[in-house]
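Novice: Assemble chain B onto chain A, guided by the hints.
From first to last, the protein sequence lines stand for chains A and B. Letter by letter, the first sequence follows residues 1 to 143 of this note's numbering. Letter by letter, the second sequence follows residues 1 to 143 of this note's numbering.
Treat the hints loosely; a few may be bogus.
[Claimed, not checked] Within a straight-line C-alpha distance of at most 30 Å, the following computed DSBU-like cross-link-like pairs (lysine-lysine) qualify:
1. B:Lys13 with A:Lys53
2. A:Lys27 with B:Lys142
3. A:Lys11 with B:Lys53
4. A:Lys114 with A:Lys54
5. B:Lys142 with A:Lys54
6. B:Lys142 with B:Lys42
7. A:Lys42 with A:Lys13
8. A:Lys11 with B:Lys51
9. A:Lys11 with B:Lys85
10. B:Lys51 with A:Lys54
11. B:Lys85 with A:Lys54
12. B:Lys42 with A:Lys53
13. B:Lys142 with A:Lys114
14. A:Lys11 with B:Lys42
15. A:Lys114 with A:Lys13
No lab work stands behind these hints, which were simulated from the structure alone. The structure presented is a predicted model; accordingly, all values stated were derived computationally and were not measured.
2 protein chains.
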Amino acid sequence: MTRQRVPAAVKRKLTEARVAHLATLDKRSPHIVPACFAFDGKNIYTAIDRKPKKQSVKELQRVRNIRANPQVGLMVDEYDEEWRKLWYVLVRGRAEIIDGPEEQQRAISLLRCKYSQYRMGLLPDGAQVIRIIPDRIAWWGKI
Amino acid sequence: MTRQRVPAAVKRKLTEARVAHLATLDKRSPHIVPACFAFDGKNIYTAIDRKPKKQSVKELQRVRNIRANPQVGLMVDEYDEEWRKLWYVLVRGRAEIIDGPEEQQRAISLLRCKYSQYRMGLLPDGAQVIRIIPDRIAWWGKI
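If we strip away everything but chain A, and leave its shape as in the complex, we get (with noise of 0.2 Å):
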């Protein structure tokens, strides 16, 4: 975890908002897709869910990216036509795929928490956790 002190309207931003995008690295060229994710106080979580994927879950892009190059880039924003209203949090940091099966579990209850979609059956137990780990987070606009 960064020892950069974050303030709470930051934090909250990560712990609300319902989507993210996320960079990753695919050799020397950036990938990047949007992400459902939570954030526990400290690191920020996704699954790699039931939503339809172009690939199979092994074969997945972010997954074998990240395992390559743990570098990643994970951007929370909204568009508003009100620009004056525009923000974004921009977490930089380590990704990698848990294997504990405890923080496992308890990344899919968080996500749960948060989607009612996945409490439908569109994270099963098991499903393979991405963890981010900020080292820095950046913030702009009306937070």
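Specialist: What follows is chain B alone, placed relative to chain A:
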């Protein structure tokens, strides 16, 4: 431009979506920003506008990153709580800062045409413009 056949519905998303997320490379770590953009049927344009920034234009991270490494990912999508409605369009390609005044002015006109906010002074003549030339376009979901 990619020689890939891109369906009209995908082009429509690229034309009409109001915001994209642009991933660039900061040394070996991915950086990401939300960005307004315009698509001319071939390339994608995004400008350094007058929304407040964390840094001055010359030092803007996305510009420095692109000069050092032109590989970018641009994600266009829209979140919806009804997950069956989700979709995305991912453009991977090369970005350049435009230096010809003619293409720059054409891109600025395109952006002003799309965003009324830009017609009210937020996008001055002479604004820096980034051109993204798609190498590959991928799409998923309810397009």
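Novice: Has the given pair, Lys13 of chain B with Lys53 of chain A, been kept, meaning a C-alpha gap of at most 30 Å?
Specialist: With a Cα-Cα distance of about 19 Å, the restraint between Lys13 of chain B and Lys53 of chain A holds, given a limit of 30 Å.
Novice: Regarding the pair Lys11 of chain A and Lys85 of chain B, is the alpha-carbon distance no greater than 30 Å?
Specialist: Given pair Lys11 of chain A, Lys85 of chain B holds - Cα atoms ~28 Å apart, limit 30 Å.
Novice: For the pair we were handed, Lys27 of chain A and Lys142 of chain B, check the Cα-Cα distance against 30 Å.
Specialist: Given pair Lys27 of chain A, Lys142 of chain B holds - Cα atoms ~29 Å apart, limit 30 Å.
Novice: Checking one constraint from the list: CA of Lys142 of chain B to CA of Lys54 of chain A, max 30 Å. Satisfied?
Specialist: Judged against 30 Å, a Cα distance of about 13 Å means the pair holds.
Novice: Mind checking the alpha carbons of Lys114 of chain A and Lys54 of chain A for me, to see if they're no more than 30 Å apart?
Specialist: 25 Å, holds
Novice: Is it true that the CA of Lys11 of chain A sits at most 30 Å from the CA of Lys51 of chain B?
Specialist: Given that 30 Å is the threshold and the Cα spacing comes to 23 Å, the pair holds.
Novice: Is Lys42 of chain B close enough to Lys53 of chain A, meaning Cα to Cα at most 30 Å?
Specialist: 27 Å, holds
Novice: Quickly compare the C-alpha distance for Lys42 of chain A and Lys13 of chain A to 30 Å and report which way the hint goes.
Specialist: Roughly 13 Å between the alpha carbons, so the hint for Lys42 of chain A and Lys13 of chain A holds.
Novice: Hint check: Lys114 of chain A vs Lys13 of chain A, CA-CA at most 30 Å. Holds or violated?
Specialist: 13 Å, holds
Novice: Has the given pair, Lys51 of chain B with Lys54 of chain A, been kept, meaning a C-alpha gap of at most 30 Å?
Specialist: 35 Å, violated
Novice: Quickly compare the C-alpha distance for Lys85 of chain B and Lys54 of chain A to 30 Å and report which way the hint goes.
Specialist: Judged against 30 Å, a Cα distance of about 16 Å means the pair holds.
Novice: Tell me if the straight-line CA distance from Lys142 of chain B to Lys114 of chain A falls inside 30 Å.
Specialist: 24 Å, holds
When the structure is compared with the earlier hints, violations turn up for hints 10, 14 and for no others.
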